[in-house]
Amino acid sequence: MLTMKSEARGLIAHGVSACAGCGLELAARVILDVLGANTVIVIPPGCAALFSGYGNETVTKIPGFQGNLESTAAYAAGIKAGFEVQGRGDIQVLGFAGDGATVDIGLQALSGALERGDKILYICYDNEAYMNTGIQGSGSTPLNAWTTTTPGGKSVYRKDMVGIVAAHKIPYAATASVGYVDDLRKKVAKAQAATATGPAYIHIHTPCPTGWGSKPEHTIEVARLAVQSQCWPLYEITDGVNYQVTVPVAKPKPVAEYLKLQKRFNGVAPEELSTMQTAVGQDYTRLTNK
Amino acid sequence: MSTRVMIDGNGAASEGLRLAKVRVVSAYPITPQSPISEKLADFVVQGKLDAKYIRVESEHSAMCCAIGAQLTGVRAGTATSSVGLALMHEVLGVAAGCRVPIVMPVVNRSLVSPWSLWCDHQDAMAERDGGWLQLYAESAQEVLDLILIAYRTAEDARIQLPAMVCLDGFFLSHMSDAVYVPDQAAVDAYLPPYVCHNFHLDPNDPMFINNLTPTAEYTEMRYQQAVGFNQAPAVLLAAMADFKRVFGRDYSLLEAYQCDDAEAVIVTLGSMSGTAKYTVDQLRGQGKKVGVLKLTSYRPFPAEQVKQALAPVAVVGVMDRSPGYGAQVAPVATEVRAVLSGKPVQGFIAGLGGRDISPATFVKAFAKLLTGEITADVDWVDVKENALTIREVK
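These protein sequences, in sequence, are chains A and B. FYI, the numbering for the first sequence is 1467 to 1756, going by this note's numbering. FYI, the numbering for the second sequence is 31 to 424, going by this note's numbering.
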């Protein structure tokens, strides 16, 4: 048996069994550090369920519930309602789900909660595939990326999840990255404040060394290159219409520079890379024109 | 102490949830349950129910919201039917496994395929082993009363199991009846405020609920649910006895009607029980010694009481409103056969997809029992002779 000689200072204990270099772990520690102890977390099955714990042990120092893959937002909405009718609406309820549980199977419940204006914070950590079950493609897997269910490279673009969320005209939505922790911290704080009036949503890019074939020590570098190549723009949207890029990228690095640190893009042909570069540039222009 | 009003079964279910003072309602409409969702919304808007109403986008989310809300320490209410219940299936197991004592009216309706809007018990029977108590109402009055009894039982510290109060679609849900609606004060005296006895979500007392559980503990946590079920008959009976003391109406796990000297008895569930009793009266008038054994509680199955009630009866039939495909007999008949070792039990299937189980159906079934036409096969007693050529595709 392992004995811990010091207690973790944050709301997550030492020794989470996440993979080496996991972007999600950093995101979780930062998010709970900002939100504080008056928070209840809902986690579906997936990588973040490592924070739910196993058996009689948990990693979180806040109360939590492990729900089902498709209904994180619905559980969060019910929990929030239960607190509200008891005069405890100040308790922050956080849904914390991966891209599979958000962009795919959980989209319906999330859309319902956003439409109703439930005062919950929903954070998607996006490692761009179903990582916990073995690197299967998700609706958030980017074009041309290898996964075990897109072995020839994904042939279609990812869903614009933040666009879908913004279409619900909720008070606050944002993208974030573990490569830009200060930006992430500010956005979590803004999102928390926004839940006084309605739902808030943050979509965090969390590189996955295991699934992406990147080196664990390169996680932050990979995350930053995604932003600097305009592959993962950092922005926020208030009330569904006011777009603001929070980390502008005036002189983008080539997409190829971001891809080359990851084995999942090894099969990308030169003409495919050219298509990706064009699409990334067009997306960024559209974003900055909003 | 109570008001007598004309309401239908859905109205009675809504009154039951209102009187139980549910604080969070998460509801999604489905025929024939929709009036319950609508009525609860009205109650909240009119201030007759101090609750937050969550207009969810699916039955799956309805149950998730109810579970989440109740884990914070308040009663949560929802209702469903048919494919809505089926859609909830996954998270019905969460409510049961997390010991969240939600009470839910289930307006019984067929499952697809083919599509049907009407009554049978295939929806609830598909959930019979899911860890929920299942009570079946014969009338609108029973719907209301059983909801209050179910709350008392489900929330008891020894039980901590969710409960379905099943009412037959249209036959009960949409049929107006004179129902005694008790005063709030009387209900408050019978049903104390909800207290979480088990898992709860509270930043002042953090715990993580429903995480991955190792093989070394999973069986034991399932066993805890079984112990809850084992204690349920006694707790139900105590809740029913107290109900009689407060409200004057008598309930039990089952009701034996004209069974004492009966030569043939048919076991029933739900609204068909009234028709069965009427038919027994008619047949008794013709000198035929027949009876009815109505089950109010199907989960837990009151095995010992069924055994005792049917011990003196020579010939037993069971009228199932669901087919129980692939089993030797349908679900209720399976249970009855299991407790009557050696005695022949004739399984009947009728009333699927809203087909009326009429007195003629029971007359036919009793005639078979009285003439000793017992077969090992299930008797689809109301099936048409041209069953195999209906919509035949060649």
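What the hints contain is simulated information worked out from the structure, not anything from laboratory work. Built from N, CA and C at the ideal position, the CB exists for glycine as well. Do not take every clue at face value.
[Unchecked claim] Not everything, but these chain A residues come out facing chain B in the computed CB check (under 7 Å):
(1) A1543
(2) G1544
(3) G1619
[As the list claims (entries may be wrong)] Sample of chain B residues with no beta-carbon within 12 Å of chain A, all distances over it, derived:
(4) S91
(5) A96
(6) G123
(7) P263
(8) C289
(9) Q358
(10) P389
Status of the hints after comparison with the structure:
{"no.": "1", "hint": "A1543", "verdict": "5 Å, holds"}
{"no.": "2", "hint": "G1544", "verdict": "3 Å, holds"}
{"no.": "3", "hint": "G1619", "verdict": "33 Å, violated"}
{"no.": "4", "hint": "S91", "verdict": "4 Å, violated"}
{"no.": "5", "hint": "A96", "verdict": "6 Å, violated"}
{"no.": "6", "hint": "G123", "verdict": "9 Å, violated"}
{"no.": "7", "hint": "P263", "verdict": "31 Å, holds"}
{"no.": "8", "hint": "C289", "verdict": "45 Å, holds"}
{"no.": "9", "hint": "Q358", "verdict": "34 Å, holds"}
{"no.": "10", "hint": "P389", "verdict": "45 Å, holds"}
The structure is inconsistent with the numbered hints 3, 4, 5 and 6, although it conforms to all the rest.
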